[in-house]
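Asks: Numbered per the working numbering, the sequence shown spans residues 228 to 839.
Be aware that a few hints might be false.
BS3-like, lysine-lysine: derived pairs with alpha carbons at most 30 Å apart [stated by the list, open to error]:
{"id": "1", "residue 1": "K385", "residue 2": "K565"}
{"id": "2", "residue 1": "K693", "residue 2": "K599"}
{"id": "3", "residue 1": "K599", "residue 2": "K579"}
{"id": "4", "residue 1": "K792", "residue 2": "K830"}
{"id": "5", "residue 1": "K565", "residue 2": "K599"}
{"id": "6", "residue 1": "K556", "residue 2": "K579"}
{"id": "7", "residue 1": "K579", "residue 2": "K693"}
{"id": "8", "residue 1": "K830", "residue 2": "K798"}
{"id": "9", "residue 1": "K798", "residue 2": "K838"}
{"id": "10", "residue 1": "K556", "residue 2": "K693"}
{"id": "11", "residue 1": "K385", "residue 2": "K693"}
{"id": "12", "residue 1": "K792", "residue 2": "K693"}
{"id": "13", "residue 1": "K792", "residue 2": "K838"}
{"id": "14", "residue 1": "K556", "residue 2": "K599"}
{"id": "15", "residue 1": "K317", "residue 2": "K838"}
Pairwise CB distance ranges, derived in the manner of DEER restraints [to be verified]:
{"id": "16", "residue 1": "N712", "residue 2": "G514", "range": "28 to 36 Å"}
{"id": "17", "residue 1": "K556", "residue 2": "D630", "range": "16 to 24 Å"}
{"id": "18", "residue 1": "P663", "residue 2": "T475", "range": "37 to 45 Å"}
{"id": "19", "residue 1": "V499", "residue 2": "L300", "range": "31 to 39 Å"}
{"id": "20", "residue 1": "H403", "residue 2": "G477", "range": "13 to 21 Å"}
{"id": "21", "residue 1": "T535", "residue 2": "G477", "range": "32 to 40 Å"}
{"id": "22", "residue 1": "N304", "residue 2": "F670", "range": "52 to 60 Å"}
{"id": "23", "residue 1": "L300", "residue 2": "T540", "range": "38 to 46 Å"}
FYI, nobody ran anything at the bench for these hints, they're computed from the structure.
Every value quoted in this text rests on a predicted model; they were computed, and no experiment measured them.
We put the CB at the ideal spot given by N, CA and C, even for glycine.
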Amino acid sequence: MKQLLLLLTVAFSWTLNAQEHLSASRSDVDAALAPFYHGVASGDPLSDRVILWTRITSQNPTETVTWQIATDLAFTNIVNSGAVSTDGSKDYTVKVDATGLQPNTWYYYRFGNNGVFSITGRTRTMPVTNVGNLRFAVVACSNYQSGFFNAYRDIVNKNDVDAVIHLGDYYYEYGHDDFDPGIDSSRLHEPATEILTLADYRLRHSQYKLDPDLRTIHQQYPFICVWDDHETANDSWVGGAENHTNGTEGNWEDRKNYGRQSYFEWIPIRDVHNSVDTIHRVIPMGGLVDLIMIDTRLEGREIQAGTTGATVTDTNRTMLGAPQLAWLKQQLSNSTAKWRLIGNQVMVSPLKILGQAVNQDQWDGYPAERNKILTHIQSSNIDNVVVLTGDIHTSWANDIPVDLGSYTASTGAGSVAVEYVCTSVTSGSFITFSVPVSIIQTFNPNVKYADLAKRGYLLLDVTDAKVQGDWIYMSNIESRTFTSNTAASWCDLDGNNHLTQCGSALTPRGTLPPQAPIISSIRDNNQIPVLVALYPNPASGIVALQYYVAAAGLVEISVADLSGKMLQAQKEVCNTEGLYTNTLNFSSLPASSYLVSITSNGKTYTTRVVKQ
Numbered sequence: 228m229k230q231l232l233l234l235l236t237v238a239f240s241w242t243l244n245a246q247e248h249l250s251a252s253r254s255d256v257d258a259a260l261a262p263f264y265h266g267v268a269s270g271d272p273l274s275d276r277v278i279l280w281t282r283i284t285s286q287n288p289t290e291t292v293t294w295q296i297a298t299d300l301a302f303t304n305i306v307n308s309g310a311v312s313t314d315g316s317k318d319y320t321v322k323v324d325a326t327g328l329q330p331n332t333w334y335y336y337r338f339g340n341n342g343v344f345s346i347t348g349r350t351r352t353m354p355v356t357n358v359g360n361l362r363f364a365v366v367a368c369s370n371y372q373s374g375f376f377n378a379y380r381d382i383v384n385k386n387d388v389d390a391v392i393h394l395g396d397y398y399y400e401y402g403h404d405d406f407d408p409g410i411d412s413s414r415l416h417e418p419a420t421e422i423l424t425l426a427d428y429r430l431r432h433s434q435y436k437l438d439p440d441l442r443t444i445h446q447q448y449p450f451i452c453v454w455d456d457h458e459t460a461n462d463s464w465v466g467g468a469e470n471h472t473n474g475t476e477g478n479w480e481d482r483k484n485y486g487r488q489s490y491f492e493w494i495p496i497r498d499v500h501n502s503v504d505t506i507h508r509v510i511p512m513g514g515l516v517d518l519i520m521i522d523t524r525l526e527g528r529e530i531q532a533g534t535t536g537a538t539v540t541d542t543n544r545t546m547l548g549a550p551q552l553a554w555l556k557q558q559l560s561n562s563t564a565k566w567r568l569i570g571n572q573v574m575v576s577p578l579k580i581l582g583q584a585v586n587q588d589q590w591d592g593y594p595a596e597r598n599k600i601l602t603h604i605q606s607s608n609i610d611n612v613v614v615l616t617g618d619i620h621t622s623w624a625n626d627i628p629v630d631l632g633s634y635t636a637s638t639g640a641g642s643v644a645v646e647y648v649c650t651s652v653t654s655g656s657f658i659t660f661s662v663p664v665s666i667i668q669t670f671n672p673n674v675k676y677a678d679l680a681k682r683g684y685l686l687l688d689v690t691d692a693k694v695q696g697d698w699i700y701m702s703n704i705e706s707r708t709f710t711s712n713t714a715a716s717w718c719d720l721d722g723n724n725h726l727t728q729c730g731s732a733l734t735p736r737g738t739l740p741p742q743a744p745i746i747s748s749i750r751d752n753n754q755i756p757v758l759v760a761l762y763p764n765p766a767s768g769i770v771a772l773q774y775y776v777a778a779a780g781l782v783e784i785s786v787a788d789l790s791g792k793m794l795q796a797q798k799e800v801c802n803t804e805g806l807y808t809n810t811l812n813f814s815s816l817p818a819s820s821y822l823v824s825i826t827s828n829g830k831t832y833t834t835r836v837v838k839q
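The whole structure should be built from the sequences, with the hints applied where relevant.
Replies: Shown next, in the form of structure tokens:
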């Protein structure tokens with residue numbers, strides 16, 4: 228992505244601009260949500276089941292969490308329920324595959340512990356037979372440091388989609404100073420440094436899930452997710468990443484597995500037991516849609532090697548890996564749905580400036596495998612293939628031809644599929660103004676629409692007759708006061724396999740059931756500090772803490788033995804209420820049990836840590 232931005236900047240003499248100063252606030256812990264501070268979520272909906280998720284904040288060795296799913300907000304008609312156990316090995320997360328549900332039905336769900344319930348979530352199942360309409364919000368690239376998640380809030384406010392499709396970069400691995408400089412010092416990543424260990428990845432997930440806008444969109448809609456690169460490290464591939472140096476940043480296989488493990492712990496995705504790296508899957512949606520989610524990052528991608536040369540054009544070079552490529556072809560051929568939607572991370576459509584492809588990280592860096600997919604679609608006479616893409620923090624509507632030389636821009640002849648690229652939720656493009664699409668089309672006649680500056684999401688509407696994508700942009704991400712507008716609408720008509728401009732933007736459907744109640748943040752300056760996470764316990768060396776303080780001021784963190792004798796103490800000045808991280812070193816302490824205390828505003832939280 229970085230290379231694309233640099234080359235586009237050179238080609239069109241654009242200037243770079245740091246993110247404007249934000250008036251922001253740290254993630255906080257709502258007292259009313261205890262002990263389920265991170266809210267609830269659902270995902271991977273099928274016709275008879277859906278994944279339900281939560282996390283209980285606890286320092287007990289194990290916790291039992293109950294769950295219920297019902298057809299009504301009052302939970303008078305509970306259709307399934309149960310209890311599950313969780314502990315530190317799962318980071319106290321809870322995932323349930325709630326089965327026995329009816330197709331094409333909205334449900335409400337909640338979790339419980341010791342008589343206390345979580346907030347209520349709303350979710351739905353997918354249809355079995357054809358339905359007249361499905362609508363999705365398509366999102367990607369939500370960097371906490373880059374601004375407020377207003378796009379998530381806008382999706383909730385409009386209450387008009389069946390599910391959210393997240394195409395990756397759900398969070399970012401960077402530290403404070405590594406990406407989008409110039410942001411407000413109060414909306415920064417925790418931990419402060421680049422995340423490398425399992426504890427780091429878990430802490431970052433926790434911080435993001437405490438954001439009220441992300442928590443609320445998860446509460447209202449099922450998510451269908453894939454990871455991209457920043458869930459591990461920038462421009463990752465199966466054997467490494469641009470943002471990883473073996474040795475100084477640990478072993479890549481370890482780091483990749485930390486990212487993967489924490490992702491499956493914290494994301495409402497159905498677990499895969501046959502491979503540590505497999506997330507490609509199909510979500511059938513009756514006869515209308517087959518949503519085919521693929522992994523262009525960790526399963527089979529070879530290292531990026533530029534956009535020209537013998538290595539790049541090698542017919543054996545792979546983005547997906549041979550097993551996933553064969554699987555994708557089979558899914559496309561066997562699908563009997565009206566539309567085949569492919570959830571994909573990086574741009575498929577060719578993009579060239581002055582005759583040269585500009586981004587080695589997208590499919591232009593793997594042209595032979597792209598050609599295998601496109602020629603399979605063409606030779607098999609497969610219609611209605613729609614690619615959904617994220618990654619590059621900009622908006623695009625593209626025809627996808629097998630060969631640009633045989634493509635006719637005025638009619639769309641030669642295109643075998645279409646591509647909708649959503650912009651980012653917050654991540655910056657660094658571009659100060661949009662370039663007219665006519666300039667881009669000079670080099671890329673298959674590009675029908677582009678916007679290189681705005682933040683927001685794609686609203687995707689599917690009927691038997693057409694797929695329509697509306698790009699919806701936020702007026703700003705610098706504060707939580709914002710408006711939104713629809714800037715462009717492009718359609719793929721049944722059997723056309725190319726884009727045409729829509730006559731009008733999508734209108735609200737107004738058919739969804741009531742939202743689950745949204746609980747407003749409760750401020751209590753006398754609240755005892757909340758220890759959100761402590762890793763690992765039992766400990767042997769460094770222990771990571773994530774804690775919430777309800778008011779600005781001095782925070783004291785101490786370690787004592789069971790007799791109360793103080794062994795370690797440190798102080799930190801917290802300039803605002805919110806979430807913080809810190810570490811303790813148990814290396815020099817003998818094997819025993821110890822008391823860790825956090826004191827803020829005269830209130831103390833204490834927990835026990837075992838030193839191995």
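Asks: Against the 30 Å threshold, does the CA-CA distance of K556 and K579 hold or violate the hint?
Replies: holds, 26 Å
Asks: Take the C-alpha atoms of K579 and K693, compute the straight-line distance between them, and say whether it is at most 30 Å.
Replies: Judged against 30 Å, a Cα distance of about 29 Å means the pair holds.
Asks: Take the C-alpha atoms of K792 and K693, compute the straight-line distance between them, and say whether it is at most 30 Å.
Replies: Violated, at about 71 Å.
Asks: Tell me if the straight-line CA distance from K385 to K693 falls inside 30 Å.
Replies: holds, 22 Å
Asks: Starting from the hint 13 to 21 Å, judge whether the C-beta atoms of H403 and G477 obey it.
Replies: holds, 20 Å
Asks: With a cut-off of 30 Å on the C-alpha distance, tell me whether K693 and K599 pass.
Replies: Measuring from Cα to Cα gives roughly 26 Å; hence the hint holds.
Asks: Holds or violated: K565 with K599, Cα cutoff 30 Å?
Replies: Distance of about 23 Å is within 30 Å: holds.
Asks: Between the beta carbons of V499 and L300, is the distance compatible with 31 to 39 Å?
Replies: Check passed, 33 Å falls within 31 to 39 Å.
Asks: Straight-line Cα separation of K556 and K599 no greater than 30 Å?
Replies: Roughly 9 Å between the alpha carbons, so the hint for K556 and K599 holds.
Asks: Mind checking the alpha carbons of K830 and K798 for me, to see if they're no more than 30 Å apart?
Replies: It holds: about 15 Å lies between the C-alpha atoms, which stays within 30 Å.
Asks: Would you check the hint for K798 and K838, treating anything up to 30 Å between C-alpha atoms as holding?
Replies: It holds: about 22 Å lies between the C-alpha atoms, which stays within 30 Å.
Asks: Could one say that the CB atoms of L300 and T540 fall in the range 38 to 46 Å?
Replies: violated, 57 Å
In this structure, the earlier hints numbered 12 and 23 are contradicted, and the remaining ones agree with it.
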